[in-house]
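Asks: Sequence:
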Amino acid sequence: MANFINQDSKLDYQSEIEEICSLGAIVSRVVNHLIITRGSKGVMTIKRLKNDPSKLQVRSYSGEIINTIENVSGAGDCFASGFLHGVLLGLKEDSLISFGFQAARDALLSKGTVPHKFDMSKDCEAIKCTETWIHSF
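In terms of this note's numbering, the sequence shown is residues -18 to 118.
Be aware that one or more of the hints could be misleading.
[Stated by the list, open to error] Lysine-lysine pairs mimicking BS3-like chemistry, simulated, CA-CA at most 27 angstroms apart:
{"id": "1", "residue 1": "Lys22", "residue 2": "Lys73"}
{"id": "2", "residue 1": "Lys92", "residue 2": "Lys22"}
{"id": "3", "residue 1": "Lys28", "residue 2": "Lys92"}
{"id": "4", "residue 1": "Lys73", "residue 2": "Lys92"}
{"id": "5", "residue 1": "Lys36", "residue 2": "Lys109"}
{"id": "6", "residue 1": "Lys98", "residue 2": "Lys22"}
{"id": "7", "residue 1": "Lys73", "residue 2": "Lys36"}
{"id": "8", "residue 1": "Lys92", "residue 2": "Lys31"}
{"id": "9", "residue 1": "Lys73", "residue 2": "Lys109"}
{"id": "10", "residue 1": "Lys31", "residue 2": "Lys73"}
{"id": "11", "residue 1": "Lys92", "residue 2": "Lys36"}
{"id": "12", "residue 1": "Lys28", "residue 2": "Lys98"}
{"id": "13", "residue 1": "Lys73", "residue 2": "Lys98"}
{"id": "14", "residue 1": "Lys98", "residue 2": "Lys109"}
[To be verified] Label-pair restraints from in silico Cβ distances:
{"id": "15", "residue 1": "Ile115", "residue 2": "Val12", "range": "28 to 36 angstroms"}
{"id": "16", "residue 1": "Lys98", "residue 2": "Lys73", "range": "19 to 27 angstroms"}
{"id": "17", "residue 1": "Ser54", "residue 2": "Leu30", "range": "33 to 41 angstroms"}
Please keep in mind that the hints were generated in silico from the structure rather than gathered at the bench. C-beta: ideal position from N, C-alpha, C; glycine also.
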C-alpha cells in the first residue's frame, strides 16, 4: 500500500506494524489522527507528537475475539460511529476505542448491516492500550 501511495521510493517492510507506521508517516502530513482497523487484530492509532513533529505516537488496542459472528457488513462503519459518538462526548482515546469496539461488536452480532439498537452508555469501561511506540521518520 505504501509503495502505491509513495511511488518514488522503494519500501521494504519487515512487519505489518512497520508498514502501518510508514503509511502513517505519509498520511499524517495532512491528517492529525489516524485510526487503522485491523479486524481480529484490533485497532491502531497514529498521531504526530506535538513537541516533535518528526515523530509519531503509535498505539495498539486488542479487540475482543467474537466466535458467533452473524454478519461482517457494517462493522467498520459502526466502529466509526461509536468512536465519533465518544468524540462528541469529549472522551479520551481509550474510551473512544471502547465505544468503537462496542458498536462494531453490536454490528457483528446483528443479522443486518447495522443493529437496530446500540448500547452506548458513557459508563463504558475504557479499553487499555496494549502497546505504544514512538516512530521516527
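Asks: For each hint, tell me whether it holds in the structure or not.
Replies: Going through the hints against the structure:
Annotation: proposed proximity of lysine 22 to lysine 73 holds, straight-line Cα distance about 21 angstroms (limit 27 angstroms). Between the alpha carbons of lysine 92 and lysine 22 the distance comes to roughly 23 angstroms, so the proposed pair stays at or under 27 angstroms and holds. Among the hinted pairs, lysine 28 with lysine 92 is inconsistent with the structure: their alpha-carbon atoms are about 35 angstroms apart, more than 27 angstroms. Of the supplied pair hints, the one linking lysine 73 and lysine 92 is violated, its CA atoms being roughly 31 angstroms apart against a limit of 27 angstroms.
Between the alpha carbons of lysine 36 and lysine 109 the distance comes to roughly 22 angstroms, so the proposed pair stays at or under 27 angstroms and holds. Proximity of lysine 98 to lysine 22 is assessed by CA-CA distance (about 25 angstroms); at most 27 angstroms being required, the pair is judged to hold. A threshold of 27 angstroms between alpha carbons decides the hint, and for lysine 73 with lysine 36 the separation of about 21 angstroms falls inside it, so the pair holds. Taken as a hint, the lysine 92 and lysine 31 pair is broken in the structure, with Cα atoms around 43 angstroms apart against an allowance of 27 angstroms.
For the suggested pair lysine 73 and lysine 109, the alpha carbons sit about 11 angstroms apart, so the restraint of at most 27 angstroms is met. Of the supplied pair hints, the one linking lysine 31 and lysine 73 holds, its CA atoms being roughly 17 angstroms apart against a limit of 27 angstroms. The hinted pair formed by lysine 92 and lysine 36 fails the criterion: a straight-line CA distance of about 42 angstroms is larger than 27 angstroms. Using a Cα cut-off of 27 angstroms, the hinted pair lysine 28 and lysine 98 is violated, with the two alpha carbons roughly 32 angstroms apart.
Annotation: proposed proximity of lysine 73 to lysine 98 holds, straight-line Cα distance about 24 angstroms (limit 27 angstroms). About 25 angstroms separates the Cα atoms of lysine 98 and lysine 109, which keeps this hinted pair within 27 angstroms; it holds. As the Cβ distance of isoleucine 115 to valine 12 is approximately 18 angstroms, the hint placing it in 28 to 36 angstroms is violated. Between lysine 98 and lysine 73, the C-beta spacing of about 25 angstroms keeps the proposed range 19 to 27 angstroms intact.
At about 36 angstroms, the CB distance of serine 54 to leucine 30 agrees with the hint of 33 to 41 angstroms.
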